[in-house]
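In order, the protein sequences belong to chains A and B. Its first residue numbered 1, the first sequence is counted upward by one per residue in our numbering. Its first residue numbered 1, the second sequence is counted upward by one per residue in our numbering.
Derived from the structure by calculation, the hints contain no laboratory data. C-beta: ideal position from N, C-alpha, C; glycine also.
Where chain B lies over chain A, by a calculated footprint (3+ residues, C-beta under 8 Å):
1. 51-63
2. 100-111
Quick list of in silico lysine to aspartate or glutamate cross-link-like pairs, EDC-like style, CA-CA up to 16 Å:
3. 324/B <-> 78/A
4. 324/B <-> 76/A
5. 131/A <-> 183/A
6. 324/B <-> 77/A
7. 59/A <-> 78/A
8. 193/B <-> 135/B
9. 324/B <-> 82/A
10. 8/B <-> 105/A
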Amino acid sequence: MSKLISVKNITKDYQLGDVVTHVLKGVSFDIEDGEFVSIMGSSGSGKSTLMYVLGFLDKYTNGKYYFEGHDTSKLDDDKLAEFRNEKVGFIFQSYNLLQRTTVLDNVLLPTTYLLGCDVKKAEAEAIKLLKRVGLGHRMEHRPNQLSGGEQQRVAIVRALINNPNLILADEPTGNLDSKSGEEIMEILQDLNKEGKTIIMVTHEQYTAECARRILHIKDGIITQDEIVNNRRLATNGDFKK
Amino acid sequence: MNLIRTIKLSFVNLAVNKFRSFLTMLGMIIGVGSVIAIMSIGAGAQSLIFNEIASFGTNLVGVLPGGGEEDAPPAALMGVVITTLTYEDAKAIGDVPHIVAVTPYSNGNANISFGDKIKNTSFVGVSSQYLGVEENRVSQGRFISPEEDESTARIVVLGSEVKEDLFGENNPLGQRIKIDQTSFVVVGVMEEKGSSLVANRDKEVFIPVKTAQKILLGVDHVGLIRAKIDDEKNAPFVISEIKKLLLQRHNIKDPKKIDFTVQSMSQALDMIGTVTNALNVFLGAIAAISLLVGGIGIMNIMLVSVTERTREIGLRKALGAKRKNILSQFLIESIIITFIGGLIGVIGGIIFAAIVAFGVQYLGYGWDLIITPLSVILSFVIAVVIGLVFGIYPAKKAADLNAIVALRHE
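Using the sequences and the accompanying hints, generate a full structural model.
This is the structure in structure tokens:
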């Protein structure tokens, strides 16, 4: 496995008026290609900020962040947008689907910003992926006609459509009941098995233990880098809230 | 990003808020529509005036009292009656080459009565050559004869409407009517001419010019001399000849102290054209203000739209939209609004102008439906430019949103 992410002593400060808040206070870790890592912490610990930094949505204040060997501080906004588009797939707690467009169009949204995208091919890929997550019959529906679990599966397919290597999931099961949550985790674990690198932010121990490795974060500092020995597998019915 | 997909997306977004999109478009529809309608109605009114004047014939030359040059203000405007033109001037002008017919005019208002019927109308004192100058015909009896030009004969030729009012179906020839207190013999009736913007000859009566001057008005001057020339192209020559002649007759050595104005009908048309053109541009500019108001409406709605869709913008950025993608998406939306609004406005403006034109034509006036491609293209282009200008600020606002803040926006 090669090194996908290398973070060295990253800090992130927010300035609100005269008050400076240090959200990340020097975070360092490496993530290899194909890993499944949970970032765990309570709310306000900086875990979401860390994820946004890793996904090129937020900029860090100091330190170094290498992605696939690129020094990300040297990339301009357009290049970062391209990275978000091609190299990363985001999954949000609240799904963030566009309510007025169909499931299929929601999935195709990232391809809108993909240079030289073959629309026909992308559509075929979207249909294939939707069928795979059991939503083949829902493609022309609106998101509000779908259950929470179904909506999150749409969001996962959307994250996959441009075939990125890295999936960033921000509390992906946070809004779901345990059964739907289990289905989502199963999909994520399957994707990991197929080689996708997954970084998942959560505050729940049992969700975090679905990953192979847990980074504990508290007050902007990594407190523990833990390898999960007894990994929960969603398929075993072991996954319970 | 694919332009066609962006345009499709914009249509979807506009369709979601159909009523709001329509109201926003309404600003453009009214703006573009009123520019086109007003330009067309202005051109139509111009054609109406031209047609009316042309119906007198374009090969007319008019002589007005009062110098039309620099320091002399228009006489009528100042309420001053200028008495420099006389019947003899008119007679002398008749000898100028290329002149076919000439008549002086001496007009006034009077009560005309026959028996117990009284009508207040205007009388026109003209010479026997009047019929050769204006396109008018006698339907009954005769017109003023050349012998009567020099006399103060108390004879009258009635306009068709005056005849109807005073005599109905009866034969008026040889009857005596009174103009104010003076008794006149009816010798003829004019053909019905129809009303024009300039005058309604059907409501007037014609008497010899000397009779009008001496008996009814008690003056020595005439109000206007009009001459018909054989061909329009001789107008410049005739004008300069008349000028020379009258300067000599009026004993004026310094051409700056000229006390009359000679003008051909085509010159008058040119002048009126200049005035009405300026008026049209002015009206068009006022209508264009509504375009501006429509543009502000678009900016307003687009700002609301940006706020409403903050989360969507954040999401799009998270999924890889660049600044320029968001910018163009919102710009295209506002351009589509103005484009469609402009299109409907063009059609609506043309329909409105056509209704006005056909309405006026139905009333019997010579009103042309004129829609210049320039006004269509211009208002359309202005509409789209307004969409661009007023769309830029909201689009910039959207494009500059911080992705994370936008994503967390409730």
